[in-house]
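Visitor: Here's the letter readout for the chains.
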Amino acid sequence: MAVMWLLALSLPAFGQDLKRAVPGAEEPFTDLRGMSVTDRAHPGYDPLGIRIGSFVLYPALDVAGSYNDNIFATDVVTVSDYIIEINPSIDLVSNWSNHVLNLFASGSIFRYADNPSEDRENYEAGADGRIDFTRDVTLDLLGQFEHLTEERGSPNDVGGFAPTQFNLVTGEAAYTQTFNRLTVAPFAKIQYYDFDDTPALGGVINNDDRDRLETRVGMRADYELTPDVAFFVLGKGNFRDYQTVPDDSGLIRNSHGFNLVAGAALDFTGSLFGDIYVGYLSQYYDDPALITISGVNAGIDMTWNVTPLTSVTATAQRRIEETIQAGASGFLATQIGIAVDHELLRNLILHAEIIGRWDDYQGITREDNYIDAGVSGQYLMNRYLRFELSYAFTQRDSNVAGDDYARNIVMARFRVQY
Amino acid sequence: MRRRSTRSLGHGAIAGLLVLLSGVLAATLSPANGWAQSASLGEATYQLGPGDRVRISVFGHKDLSGEFELDGVGRVSLPLIGSVTLLNNSLADAEREIADRLRPDYLKNPQVSLEVLNYRPFYIIGEVRSPGSYAYVNGMSVLNAVAIAGGFTYRAREENVYLRRAGDGEGEERLVGVETLLLPGDFVKVRERFF
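The listed protein sequences correspond, in order, to chains A and B.
With the first sequence counted from 1, adding 5 to any position gets you the numbering used here.
With the second sequence counted from 1, adding 6 to any position gets you the numbering used here.
Calculated from the structure, these hints are not laboratory results.
Be a bit skeptical, because a hint or two may be false.
Which chain A residues face chain B? A few, computed with CB under 8 Å, are given here [unchecked claim]:
hint	residue
1	275
2	314
3	349
4	351
Taking CB as the label site, the calculated pair distances span [stated by the list, open to error]:
hint	chain 1	residue 1	chain 2	residue 2	range
5	A	87	B	163	39 to 47 Å
6	B	149	A	116	56 to 64 Å
7	B	185	A	89	52 to 60 Å
8	A	110	B	131	41 to 49 Å
9	A	118	B	149	56 to 64 Å
10	B	160	A	58	30 to 38 Å
Source: prediction; values computed, not measured.
Idealized CB from N, CA, C, for every residue including glycine.
Chain B extracted, bound-state conformation (with noise of 0.2 Å):
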């Protein structure tokens, strides 16, 4: 008895320690918002913002399933369990917050998944043809998406760019490389040069 108590105890230290060292480490390497910043994009974790469209499947309802949107303070609105706010969750956290709010009152044990449809659009202006928004693609980076806006003219200053994550709210600009990966919601700008 004595020892399972003290080696549950064990666990639960190593558990607080470990969820505590990633969480410094998730502090540091990710931003408020979008993808932890990793090399590999297979081990990124996704965090849900404004303006992305996500298909919630809850298993055997199909009254509850459906294509939603995020509104503009990050909630769903829900048949039967009503407003969620899903904002900076991963889809993770979404499906089990999701999953939270219909135990016990609607369903014993929802089976919920979560997959995000339409990413929200980056933005990109400046010394690009076609300055805009422009839908997120998978993987893509600054370079990426100058080419989707139509490529820099010939006075874009093509070194380094403007960017601004998502998210940042009044988050300054940081002047970052063509190579940089863009996460959605980023807001890109291509400066001048003049010689």
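One chain only, chain A, in its complex shape (with noise of 0.2 Å):
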């Protein structure tokens, strides 16, 4: 159903992958109505995966090698390096007629080449199902662990000796029910950030006054006014609790906020789709120091698929995050991106995307301003291997100075899987 699809588009994505080939079913989609090129599977070329039981279980091996001009996003005096990155991952994914299990788990392992200090490794693990009580009835569950490095380009980096790490730990949980042409989905989500200590000049840096916790909860409803448009209201309110009050620079950064927009999901004969809303988000702090952040919520999330061949993805989004800039109560980020999927042969896929990202802070005068490009081609040799070519750049500039930087990275990735 139209309105389903839709739906997954703003909810997090979870259950099964469509381009996974299950043994002994039936022939894989090509060819859907609103289907892009990435949704497409690939007969042949897609992993079959090992069958254990009523699971099946999908292993890869992904190898990079890649060359970055600015490995520490500075803005004069920039080092490059050439980083290897390994990463192994396994899904085991559920294959039954009724609701949804998956379990998965990822490590990434990067080495560079003449700065070790910046090694490091990511792992994550997690599950994620639905639950089908009915056809009309569905509770979708998440839940995962992820160990994560802050990227050197974030405003958010201490500049420390290494990237700083941290733990997150996220659990999600989202009920639909459908009532004829309304839809209502409550959903729930709590993640907690868990920051290690940064080695710096002088010892560590600690981090710990940037764990919090943050809760979101909502509800989205749709009301189907025909199969290809629905109307849709989206209010959701988040909480974040730090755990050490107040911070290393004096302020107390907690905060609560909420998002409420309204909006249409349209999809006009399956090759334009996709959500447009407005609306009006807000963050109120705790500590009378920092200022109220609020603005006007507009976003687009639309995939209009030219030809079966090519498909352009427009998207644009606000949202309120938190910042350790001294002084500011945290940044509206504005984003817009575009991207083009194009499937040049069945197994030769080309990509190309351009994202501009302003970061207004709030309670300091900082702006910045980020351009993200890139262009990719992804060769699907067989089942068993994958190759994949990219070049991305990005450029940030920003009214501080000192902090503008432009990086180049070239990426050559191979993939092993079964």
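Two independent chains are provided; combine them into the complex using the hints.
Guide: Structure, rendered in structure tokens:
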């Protein structure tokens, strides 16, 4: 149903990856209405997996070599390096007629040729699934643990000897019920950030004052006017509770806020579809020194299948993010992006994208503009091997002196999978 | 006497000229095998080829009639007269050929009628859902052929296709539009597009 499909666009991605060919399943979909290039299954090139009972196991190993001409994301004096990333992963996907359960685990090992201080490991493990009570009532669940690294180009990077690492525990639940034309979906999401100390001049930088619990609850209601047009209202409230108050600069960063939008989920003949919405978002900070952030929230998430071989995706969104910048409560991030996917051959998929982002810090005058542009080509050699070549360009233009940077990354990636 | 011979000579000359003209016309219009290219199928003259299934009826002689299939070189093996090559003959010519073989040794005045029961299949490969060989349908076009083969895939180039006429042997494939009429034994290739 068009509405259920569109609902998935704005809720987190759960459930099975359509592209996996399950042994014994019927012919994988290559030409459904509304199917974009990235959704399409590739019979003969998609992994079959290993059948274990009523599950299918998909093991994979990625090895990527890249050249990064500005690994510290600095302005004038840049350091370049060659990086190897080894990324093993396994996915256990259920094969049931009702309900879905996926278990996943993966790791990324980064090794730098000339700057071993930047070496790091990321990993994640989790489970997500869906319980189908009836055809109209489902419950989506997700639980995962991630150990991640903050990018050097992030405005929150403290400039230590090594990038900042943190643990992120996430739990999500979304209940969806359809009554005839009306679909209601209340949801809740909890995320706990636990930052590691960063080695720096003079010892370590203690990042515990950044540890926080973010709780989000909300509901989305869709009313289906026609099978191709649905109006929706989405409201969410969030609470951000820091474990250490006040933080190292004396500010109490606890906050709460809301995000209320109304919009339409549209589907024009399966070739142009997506959400557009407009609304308001606001975040209130406990500390009287931190000003309230609020603004109009307008967004779009549209896909246009120009031809069955080419898909264009346009996205725009706004969100309020946390920061460690002294005196700033947070920043209002506005992001617009366009991506094009083209299936040149059945096993050669090209991708190009450009994203612009404007970060407006509230409480200080800092404004950052980002441009991210990239092209990549993915060549599916056979069921077991994939190769990808990509180029990414990132530029930050900040009104704070010395915080600009430009970075080019060229990467070649091999994937071995079963 | 003289007038009649002159008239018959004149008739013969005109007939000869007509045959020459029609021969030239046929050579330019029709391919090596199959239907002569003409807008209306009613005027077309089909030429027999290997794989065609024909019913040959000799009037009054059930034991000389039956259903036969042309073999790989266009021959049929008929009772009494044995092997007859019907390759590239039109239906009328084939009837005449069989009648000539029956006369004068076996029958005085044979009345032979020949009809095609099953045409050779046509072949279609490339970007269609079910490539393969399918039964020929009278008057079909390339678009009909694609429909019979399951339709274009999402990667098909739909504006034109490659066509090799039956009997062309080593002949090259020509680019034709989808409205082109198809003949039994034709080979159609639907190409992939990149954009």
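Visitor: May I ask you to test the hint 56 to 64 Å on the CB atoms belonging to residue 118 (chain A) and residue 149 (chain B)?
Guide: Since residue 118 (chain A) and residue 149 (chain B) have Cβ atoms about 59 Å apart, the given range 56 to 64 Å holds.
Visitor: Holds or violated: residue 349 (chain A) as interface residue toward chain B, Cβ cutoff 8 Å?
Guide: At about 6 Å, which falls below the 8 Å cut-off, the nearest Cβ of chain B leaves the hint on residue 349 (chain A) intact, so it holds.
Visitor: How about residue 275 (chain A): closest beta carbon in chain B under 8 Å, or not?
Guide: Constraint on residue 275 (chain A) not satisfied, violated at 12 Å.
Visitor: Closer than 8 Å between Cβ atoms is the bar; does residue 351 (chain A) clear it against chain B? Give me holds or violated.
Guide: holds (7 Å)
Visitor: Quick check on residue 314 (chain A) please, does its C-beta sit within 8 Å of some C-beta on chain B?
Guide: For residue 314 (chain A), the interface hint holds, since the closest Cβ of chain B sits about 6 Å away, which is under 8 Å.
Visitor: Quick check: does the Cβ-Cβ distance between residue 110 (chain A) and residue 131 (chain B) fall within 41 to 49 Å?
Guide: Distance hint for residue 110 (chain A), residue 131 (chain B) holds at roughly 45 Å.
Visitor: Per the hint of 39 to 47 Å, is the separation of the Cβ atoms of residue 87 (chain A) and residue 163 (chain B) within bounds?
Guide: Given a distance of about 42 Å, which is inside 39 to 47 Å, the answer is holds.
Visitor: Has the hinted range 30 to 38 Å been met by the Cβ atoms of residue 160 (chain B) and residue 58 (chain A)?
Guide: holds (35 Å)
Visitor: Hint says 56 to 64 Å; check whether the CB-CB distance for residue 149 (chain B) and residue 116 (chain A) agrees.
Guide: Taking Cβ atoms as reference, residue 149 (chain B) and residue 116 (chain A) lie about 58 Å apart, which means the hint holds.
Visitor: With 52 to 60 Å as the target window, see if residue 185 (chain B) and residue 89 (chain A) comply at their CB atoms.
Guide: At roughly 57 Å between Cβ atoms, residue 89 (chain A) and residue 185 (chain B) fall inside 52 to 60 Å, so the hint holds.
Of the numbered hints stated above, the single one contradicted by the structure is hint 1.
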